[in-house]
Amino acid sequence: MNCPDCKDKLDRFVDRELNNTEVLELQLHLEGCPECSDQYEFQAHLKRLVKHSCDCDAAPAAFREKLRQILT
Amino acid sequence: MAESPARTAFAEEALTHLDTLYRGALRLTRDPDQAQDLVQEAYLRALRYQHSYQTGTNMKAWLFAIMRNLFWDRFKGTRKEDVSLDDVGDFVLFEKLRDEGARPEADVLDRIAASEVVSAVEKLPPLHREVVLLVDVEGFSYKDAAQALGVPIGTVMSRLHRARQQLQRSLYEYAVESGIVRGSTNGATPQ
Ligand SMILES: [Zn+2]
Ligand SMILES: [Zn+2]
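Protein chains in written order, with this note's numbering: chain P, 1 to 72; chain R, 1001 to 1191.
Hints are computed from structural coordinates only; laboratory data are not their basis.
Heads up, none of these hints are tricks.
Here are the simulated BS3-like pairs of lysine-lysine, each with C-alpha atoms no more than 30 Å apart in a straight line: (1) P:K7 to R:K1143; (2) P:K47 to R:K1060; (3) R:K1123 to P:K47.
Same shape as in the complex, but just chain P (with noise of 0.2 Å):
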């Protein structure tokens, strides 16, 4: 694997849309690629932050309860 066919499965690789061949022919390439590596690191990370920034909101659990209220 080459670095543009790397870059080309970043997305999902950090996504865990490969498939297992494709996995490890990306990691070997990681491997042995610092530039790669970092870009990585780097999406993953952006992925992460993304997350832990968007998930903490949780309905209120006033709201929980008229829901259950009116559906069951």
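Let chain P serve as the given structure and place chain R with the ligands on it in line with the hints.
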């Protein structure tokens, strides 16, 4: 009103996905009251169309689809340009940071406040915002996201890619404004 046990069981299971629906609605409407209205309407509709849910399929994706379709009904008549993202070109925050000698690049991300990330996500056009919510925030597979959005997997991937480009652009602007990074010396900082 006395509800049938089957309906109650269905409602209970549907309510286990409430946080995902509420977060999605909150990010789409950007307003807690509207989010609650939207989610409540979605649940009522879900119970009404309970028969159309196929047992064993992804209920979370099914519920999200109902909620986002209600949201989009309200957007009818909105021009496509306002809800979608032009190809903003490849804006790679990582490479910007590398050019400026910020190493390791990922460390810069640790200095960006969560509230800034939320507002960068909320600034995305809704068609792109919802893909980020499903895949990045809620951890949906491309396949489940495609089901929830009613589009092919390829569309999920291209919207996600553009959304991430735009997100990086917003975060870079914020990082420059707040002095986390120095900013381009060649005057190419997007405004
Ligand atoms: Zn490489
Ligand atoms: Zn984190």
